[in-house]
Structure formats: C-alpha cells, structure tokens
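When you get a sec, could you build the whole thing from the sequences and use the hints?
So the sequences go chain by chain: A and B.
Start counting the first sequence at 61; every next residue gets the next number (our numbering).
Start counting the second sequence at 134; every next residue gets the next number (our numbering).
Do not rely on the hints blindly, as some may be mistaken.
Each pair of labels, with its calculated beta carbon distance range [to be verified]:
(1) A:157 with B:263: 54 to 62 Å
(2) B:306 with A:339: 41 to 49 Å
(3) B:137 with A:260: 48 to 56 Å
(4) A:288 with B:192: 32 to 40 Å
(5) B:192 with A:203: 25 to 33 Å
No lab work stands behind these hints: they were computed from the structure.
Positions of the beta carbon are idealized from the N, C-alpha and C atoms, including for glycine.
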Amino acid sequence: MNRDMLRIMLSIPGVLLLSIDILLILVLFKESIPVFTYEGLRIFTEFQWNAAEDPAKEVYGIIPPLVGSMYVAILAIMFAAFFSISLTVFIQEIFPYRARFVIEELINVASTFPTVLYGLWGLTLIVPLVRQLAVKLGYVNVTGASIVTAGLVLSIMIAPYSTAIIKSVYACVPLSYIEAIASLGATKIERAIIVLRMIFPAIVSSLLLGFGRAVGETTAVTLVIGNAYRLPLDPFLPASTVTSLIANNFGMATYYKYEYSALMFAALVLLITSSFFSYIGLRLANRSVRIVRGEQ
Amino acid sequence: MNLRSIKNEIGFLLIVLSVGVILLAIFSLIIVPLIFGFKVIIETGPAFFTTAPAAPGEEIPGGIYYTLIGSFVMISLAVAIAFPIGFLTGVYINEYPQTRLAILAESASHFLSEVPSVILGIFIYATYVLATKKTSLIAGALSLSLAILPYTVVQVRESLRVIPFIYREAAHSLGLPKWKTVFFVLVPMNMRGILVGLLSAFLRAFSETAPVLFTAGAAFYGFYGLDGPSSTLPLLVWNFAKTPYENWQKLAWGASSILALVSISLSLIIRKAAKEVRF
Numbered sequence: 061m062n063r064d065m066l067r068i069m070l071s072i073p074g075v076l077l078l079s080i081d082i083l084l085i086l087v088l089f090k091e092s093i094p095v096f097t098y099e100g101l102r103i104f105t106e107f108q109w110n111a112a113e114d115p116a117k118e119v120y121g122i123i124p125p126l127v128g129s130m131y132v133a134i135l136a137i138m139f140a141a142f143f144s145i146s147l148t149v150f151i152q153e154i155f156p157y158r159a160r161f162v163i164e165e166l167i168n169v170a171s172t173f174p175t176v177l178y179g180l181w182g183l184t185l186i187v188p189l190v191r192q193l194a195v196k197l198g199y200v201n202v203t204g205a206s207i208v209t210a211g212l213v214l215s216i217m218i219a220p221y222s223t224a225i226i227k228s229v230y231a232c233v234p235l236s237y238i239e240a241i242a243s244l245g246a247t248k249i250e251r252a253i254i255v256l257r258m259i260f261p262a263i264v265s266s267l268l269l270g271f272g273r274a275v276g277e278t279t280a281v282t283l284v285i286g287n288a289y290r291l292p293l294d295p296f297l298p299a300s301t302v303t304s305l306i307a308n309n310f311g312m313a314t315y316y317k318y319e320y321s322a323l324m325f326a327a328l329v330l331l332i333t334s335s336f337f338s339y340i341g342l343r344l345a346n347r348s349v350r351i352v353r354g355e356q
Numbered sequence: 134m135n136l137r138s139i140k141n142e143i144g145f146l147l148i149v150l151s152v153g154v155i156l157l158a159i160f161s162l163i164i165v166p167l168i169f170g171f172k173v174i175i176e177t178g179p180a181f182f183t184t185a186p187a188a189p190g191e192e193i194p195g196g197i198y199y200t201l202i203g204s205f206v207m208i209s210l211a212v213a214i215a216f217p218i219g220f221l222t223g224v225y226i227n228e229y230p231q232t233r234l235a236i237l238a239e240s241a242s243h244f245l246s247e248v249p250s251v252i253l254g255i256f257i258y259a260t261y262v263l264a265t266k267k268t269s270l271i272a273g274a275l276s277l278s279l280a281i282l283p284y285t286v287v288q289v290r291e292s293l294r295v296i297p298f299i300y301r302e303a304a305h306s307l308g309l310p311k312w313k314t315v316f317f318v319l320v321p322m323n324m325r326g327i328l329v330g331l332l333s334a335f336l337r338a339f340s341e342t343a344p345v346l347f348t349a350g351a352a353f354y355g356f357y358g359l360d361g362p363s364s365t366l367p368l369l370v371w372n373f374a375k376t377p378y379e380n381w382q383k384l385a386w387g388a389s390s391i392l393a394l395v396s397i398s399l400s401l402i403i404r405k406a407a408k409e410v411r412f
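Now the structure itself:
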C-alpha cells in the first residue's frame, strides 16, 4: 500500500460528502419546479397558503412566513447580542476568576440542550409571561404565543454560542493593550467598552452565525410562535416561520398536488438565505481573528 | 463621585441585571424538565420504562419503552453511518491540506453543518422515504447521520491537527509509510479527542428533533424493525406535549427529564474529557 493508495482510499468519503451536498441542492431545486411552473412569480406576491383538494384552487405564498423567519431571527439576535455581550463582560471583568467555571459549565450545558426542551420551556414559562405583558399593553384575546416569544426563546438558545465565541476573542486581546488601557486610568466598564470595540467584527460575526441558527431552528419556534399564517407586523400576535410552516404542513403535503413542492421551494429559499448570512459571518470571523492578532 | 464612576456603576448594574435574567432563564430551562419529569416518573414507577404510552385521557401516562429501543437503535445506526465517513474525511482534510478535494470537502462539510436540520429531514424524505414509500428507522438514522456528519469531520480533523509535527517526523524517520503513521501513531495518540468526537456525535443525534420529524415515523407503541416506523425521545416529547390530554403531557414531561439528564451528563463528560488533552 503506497502513499497514493491511501489518498485514493481516503478521498472516497470526501467525494461522498461533496455529492451529498450537490444532491441536496439538486433535489430541492427539482422538487420546487412544479409549484414554480404552476404559480410562477405569484408565489412571491400571494399572501395566502391554501391547500385544496382541487388543484386549481391551490394558492401558496412564501413571503409571509419568510418575513416571519427574518423577523423572529432579527429579534432573537438583538436580544442575544444584549445577553451575550453582558455575559462576556460579566465573566471576564466582574465575576471572581475561580468561580467562572460554574457559569461556563451552565452555558456549555445550555448550548447542547435539546431544542425541543427549549420549546417546551418556552411553552410553559415564556408564553404566559409574554401573555401577561401583552395584556398590560392593552391586547385582548392573546395567547402569548407570538413573534416576540419565539425571539426570546431563540435568543436564550443562541446566547450560549455567541457568548462562547465573543468570550474567546475577548480573552485573546493582547495583554499589552489591556495594560495600556489600564495605565490611562480607565474604569472597568470603560475598559470593557474599548475591548468590545476592538473585537466588534467578532461580535457581528458571532451574531450572524447565530442568525443562521435562528432562521433554521424548527421545533422550539413551532411550539411557541402560534402558527398563524399572516404577514407578521405586530410582534405580540402569532405568526409562522418557514420552518414552522414546514413542521406543521409537511406531513400531509403529499396529499395535495402542489403543497409538497411549495414547501420544498420555501426550504430552498430558506437555505439560500441562511447560508448567505453564515457565509458573511464566517468571512467576518476570519477577519476578526486577524485583527486581534494585530495583523489587520 | 465623578461622572465617570457614576457611568461605571450604571454599566455594572445593567450588566448584572441582564446576566441575572439570562442565567435565571438558563437555570430554569435546565431545572424545569428535571423537576416536572422526575415527579411523573416517581408517580408512574418502573412502568414508565417498561410499557407503551397509555390511551389518551386515561389516569396513567404509560411509558416510553418502545421509544427508548427506537432511540437507541436509530442513534447507534446514525453514528455507525456518519462516524466512519466523518472520520476518514477528517483524516483526509488533515493529511492532504491545500489539495483541491480537501478544500472542497471541508467547504462541503461546513455547508452541511449550516443547512437547517429540518431541511436535512425533508431531503431524506424526498430521496429515501418517497422511494421506499414508507417512513422507517433507517430513514430516521440517515437524516440524523447527515446532521452529525459535519461535526465528526471537524472533531477528527481538530484532534489530529493539535498533535505536534515532531511526532510525525519521528514516525517518518523510522521509515513508516504515511498510512501507518496516521492510523498507528497519530490516531492512537489522540484517541481521546476522537472518542470525544464520537460522544458528541451521539449527543447530537440524541437531541435532534427536526431531522426525524418526517422520516422516522411516529411508532410509540411497538418496535417494527429497521425497515418499519420508529421513534426517538425528542420526537415523543414533541408529539405528546402538543396534545390536550393531561396524561400525555405528563408522559412528555417524563421523557423530557430523561432527555435533559442524558444531555446534561454527556455534555459535562465531553467538556471534561476535551479539556484534558495535552501534548
């Protein structure tokens, strides 16, 4: 067995991995063709999702759930930004060094916790909280399952990840910089703000990676968003996302002529969107690594 | 007190408040299923692990026997499919870096990890379930294996990458060919890292719901072999928590405590094991 034999043997799984990806995209494309030939660009302008026995009456529009996905994900990363930045500063600057591992273990456990349990937790704790808040704000007949609930649950899900990324970059800032900041007499919070500005690209990239996760998350979101097909404008009313639409309708979709294909198209659009944001996030992450190393 | 120290105090307060909120959230997230679930399990007794779910609306919640079997077989199968592929790909990317296939395979693995897991499920549905005309344990295992494959690639590559170059030089200087260097020197050296990867793969397969939603079927009342429908624990929680029946909701809570317990202990073990690797 010579060197090239090893390479040939090892390349088989690599090629397999590559062909899985290609097949995945091809299948999504192929399965979305029927709905596209049937509806054409109307799939972007219709604001209803109507699976009917009579194929002529079927109407599908993917914009409301797509807007729902974006809305939920943007809310989620806004909350997550707030949570993870304060967690980072808290762990790095405020909490006693020896006790840090407690918080770190908690975050670590949370980051691998099953998503369906996030959903169940949101359903039992966050939904009633949001309902009370909404009632105070003057809403009547709200269940509490809404865009904002999904955003909150997702932000708790993303925050451990983004905290881990931001924290590791925060800890990488060279000591000479910290000393320079300290020698100017900066307070702890001032120091934290300066360091956070230095690692700003890392923060943005961790949040963009979180955005990819938030857009693709299915079970937790479906349990707390209320699953109403509408163009989501009011954050306290139930809506749906692309993933919750798939989770709710895919099981029965093959009974109708076009619904299966419409859901595949929705999945394709979702995949394109989430990979776009992850790609930008990754590019920024590479850049921020160079910045803290002082290579800029 | 000057303005700067007042700002400092306000910043402190804001940070402590928001950290309090998120830590409380995470703590309740972890503790709620444990408390609710253990109560159900204690009430039900050993029957929780040895029976099938009760009929809706009955007094007792029944048990998760068949789901436990289904979970175990499906996860093992998924890891058995994904791990060898992920392992060999990881070795290739580490051993032949900068080659065209390595770069492509790495991007492919990264792309796969970014695909929302529900899409992996409907991909297997479109290719395997529609072809065989039924949901099955194998279909569930296939979609789970797609979900864990990219993570094994990264884990294996990382655990080989951290080995200092001198060990490789030493092996080559003894005249070992490359494949012996890789499989008899480098891999055994960081066996722990690779086992951590294996364990992470198990944990991920264990806790994923979305890939198996439409592929594994929902057979909670029996085990129908590899070719028949099956179920996993997250799937049971998902299906039964949404029902209006009190005893089924209890069953979901009981199952979720098992889910939480396994997830917590595995992630603690993984973190501890991953920390101790030194060269």
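Checked hints:
1. A:157 with B:263: 54 to 62 Å: Check passed, 56 Å falls within 54 to 62 Å.
2. B:306 with A:339: 41 to 49 Å: holds (42 Å)
3. B:137 with A:260: 48 to 56 Å: violated (22 Å)
4. A:288 with B:192: 32 to 40 Å: At 34 Å between Cβs, range holds.
5. B:192 with A:203: 25 to 33 Å: holds (28 Å)
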